[in-house]
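Undergrad: Please take these sequences and the hints and turn them into a complete structure.
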Amino acid sequence: MSKTNSGNFFEDFSLGQVIAHATPRTVTAGDVALYTALFGPRFAVQSSDAFAQAVNYPQSPVDDMLVFHIVFGKTVPDISLNAVANLGYAGGRFLAPVYPGDTLSAVSEIIGLKENSNSKTGVVYVRSTGYKADGTEVLDYVRWVMVKKRNAANPAPAPVVPELPGELAPQVLGNAVPMLDLDGWNNDLAGSAHRWDDYAIGEKIDHADGMTVEEAEHQMATRLYQNTAKVHFNQHTEGEGRFGRRLVYGGHVISLARALSFNGLGAAFHVAGINGGRHVAPLFAGDTVYAWSQVLDKQPLEGRPDVGLLRIRTIATKNRSCADFPDQDSAGAYDPDVILDLDIWVALPK
Amino acid sequence: MSKTNSGNFFEDFSLGQVIAHATPRTVTAGDVALYTALFGPRFAVQSSDAFAQAVNYPQSPVDDMLVFHIVFGKTVPDISLNAVANLGYAGGRFLAPVYPGDTLSAVSEIIGLKENSNSKTGVVYVRSTGYKADGTEVLDYVRWVMVKKRNAANPAPAPVVPELPGELAPQVLGNAVPMLDLDGWNNDLAGSAHRWDDYAIGEKIDHADGMTVEEAEHQMATRLYQNTAKVHFNQHTEGEGRFGRRLVYGGHVISLARALSFNGLGAAFHVAGINGGRHVAPLFAGDTVYAWSQVLDKQPLEGRPDVGLLRIRTIATKNRSCADFPDQDSAGAYDPDVILDLDIWVALPK
Amino acid sequence: MSKTNSGNFFEDFSLGQVIAHATPRTVTAGDVALYTALFGPRFAVQSSDAFAQAVNYPQSPVDDMLVFHIVFGKTVPDISLNAVANLGYAGGRFLAPVYPGDTLSAVSEIIGLKENSNSKTGVVYVRSTGYKADGTEVLDYVRWVMVKKRNAANPAPAPVVPELPGELAPQVLGNAVPMLDLDGWNNDLAGSAHRWDDYAIGEKIDHADGMTVEEAEHQMATRLYQNTAKVHFNQHTEGEGRFGRRLVYGGHVISLARALSFNGLGAAFHVAGINGGRHVAPLFAGDTVYAWSQVLDKQPLEGRPDVGLLRIRTIATKNRSCADFPDQDSAGAYDPDVILDLDIWVALPK
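Chains as they are written, first to last, in the numbering used here: chain A, 96 to 445; chain S, 96 to 445; chain D, 96 to 445.
Note that these hints are calculated values from the structure, not bench results.
There could be a bad hint or two in this list.
Claimed, not checked - In silico DSS-like pairs for lysine-lysine, Cα to Cα no more than 25 Å straight-line:
1. D:Lys299 / A:Lys325
2. A:Lys243 / A:Lys325
3. S:Lys243 / S:Lys325
4. A:Lys445 / A:Lys299
5. S:Lys299 / D:Lys325
6. S:Lys244 / S:Lys325
7. S:Lys325 / A:Lys299
8. S:Lys209 / S:Lys243
9. A:Lys325 / A:Lys215
TA: In structure tokens, the structure reads:
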């Protein structure tokens, strides 16, 4: 038996299979600093222990997307080492705050399998859960990914396509936020005069700034998450591949867009849920990422006088300002510079 | 009202205006590690808790220039997002040591305003103060910056040019250093046989080494400080701009020169004050930074048998060795490779 | 006397000379995060405090190679600033675990000197020891390095070539590992079903993945270790030098190979000793590193029912897959793409 992990192929997955992923990871202040250096987020709750404590956190929680990337990274060696494409995510819920010192692990369950008609690939649907060493669940989400078959001649499994979660209901969200003491919320320090009440459904916000990505940056980020997908790291093979270049991890775009969104959504301190996300086009080093958001919905949280939710659709582009809100046309085709279409719930103070 | 911050223009400032800046920032061991990775400082007090404790610090303090950059970074979204040029700094005093775990915030006061004769820009003079969550002031400094007007037709304010601090007097400096126990100061571990007494006014020191800057490095550094100035991050717009390239944050040069200065000033463990600083020419990724220093003055600190101050002028160049001390000519014109002219007080053990 | 350290030349060393190196360095969670971001190691003991505690460590120890690089880095300003080539290492023993918060220092003894026949250079043999602030030794190793003479006319010292340690005996190794509680060792979380018993002498393992190195990455890594060797940082001079490029620190290749070796040696959580190492060819930014290993020997550790040792030879290449195990030919000549030949003892759970 080879000692080397060549990753699972489509035939290696079975419905209901549960995979406990390596390697557990203690998140530290070092990871937080790197995340800041790589993306430049400025949300006060995550940046300042003093601000966090003033509103009733015990200390600054770790950025939600850093938690997501670490949990996601753990699933890669087992789920997507032989992936052709990461097709989408849905139903992502942030269930508990994560603090420096917490150790994160991940488990995945195979919830759907459908071979493609070419017999060379199939779609694997998987629900992944991140949890702390004490068993506390911190995140779960569904993703589906197109994975190569080892051998086209191998028989197809019975196709099972799970019902994918649509828009998450507000009542399943918000548990990662303690009851806030809004007397401690200082708009100046938070960097935004606009709270939950100030946003209107339909409102569009250009996040204005652009951020150019370097190879060293996306490689460092993706290794920080212990994500081992080869396309991000190996110019020797990718130079001969589809794009002739290393591909930037899709999650890098999400984190950039989220950091950019501070400009216009500065009080949206928490990503409560991920309704869905789609990487519309690839990003490469040297490209500059911009983003804009639209408020799709606005909901209170039951029993929570402190925070409310905005459902935000965030579009990211490359090498194109978002001042005119580039989008899909009436036939659903995206502006050619759009790279990300993300649908999330964010929490803001009332 | 737009949710997006497009920054203040010259007309938006008024004399005496006080601005509490977002985002407070807890400095951690992670930030310190990144600073080490980005600049390579080797001053023993900041590098080793054991060394720091041996000389009577409770633990290693955070590098002074990291404190400066974080405080400076906070001021950018309010003061200099629409800046044409950062014209200078003066009167910078490091007032208290900062340790990992401390949260830094910044407040600025507008102390001068003078519209330029072209009516398109004006100079804003601002005193910024960094402080901890408990109110302890850790740094104050004055800078003046040329900011665009929103509209040249807008009326000019009455011109007020504040008296700028010149050379700081020794007696206002040194408070960030506890009384040192010099029995614990080990020259071998400190990396220098030369203490305060060993330096002479007029002495010139070539710091010898050169350091090449990469785009990923200066972007990571500048994001670490949550400095949002667009020119450092956006190749898409800067490629069409004045230089065709992203501009390296001027503070990056200061930190490189300070780290290089260890070679010749290894015992100069603390920057006590910044008399003045001028970015003579821009730095771009791919350039190599060198530095040399001259001792301008030498002063004891009243009541302090442990440390003395040297006033140091540090010149940094790009792509040019400093072995022959490149400088200004008799007419004041700089050698074309000079990029920084910095005038600081540093503390050394006696 | 010049204040600038221009480094020692061959004539400056004397047999038996002991050098206490600057600058002591407190290792933190920030350094660990950077190491993860730069190399992507996934060994569970170092990644997860919870995993480490489950097997009887008080918390995750710092990666062995990070300890090595920090100790090595301290020796550079005194030993190898004027080196022409780092010729080899031998006899490296990891003597005690290092945890975040520990402060590392280094001392070196000159154990051999031999001038080369050209009278322009000589070989310096040095034993370096890394220790904690409380005196605990954490690492010792021998290296030999070719250093320039200041002046070819200076007389040669009596040649002394020390007996170099060959393969380290298992009984001198393993002290950096506490007695493990293997009930707590979870193969799924560790990422490998293969323990010590599962490896056979002679077995070859392709580590499969490739990692491309960027200038910013190797510069940040090498500065993190406070290693000041000029060739890694100065494009202005190296552009005119032997290779026309900055040279990547040899230890960077070791860390990449070690991180890649997780794929096939996932349970080899600890580098217990370094029998020898040779940098066969230089690495430059833009190159992609691959690695493979062969099991040379397999030994129990006396009195240790928990762990056993494998002697592993790890070969790294650039821009060439290791699927066919590129090696030396019968005359000892290396495949032209080989860059590292490393001989180490690693510890695995039984």
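Undergrad: Evaluate each hint against the coordinates.
TA: Hints versus structure:
no. : hint                : in the structure
1   : D:Lys299 / A:Lys325 : 22 Å, holds
2   : A:Lys243 / A:Lys325 : 14 Å, holds
3   : S:Lys243 / S:Lys325 : 14 Å, holds
4   : A:Lys445 / A:Lys299 : 20 Å, holds
5   : S:Lys299 / D:Lys325 : 22 Å, holds
6   : S:Lys244 / S:Lys325 : 17 Å, holds
7   : S:Lys325 / A:Lys299 : 22 Å, holds
8   : S:Lys209 / S:Lys243 : 12 Å, holds
9   : A:Lys325 / A:Lys215 : 20 Å, holds
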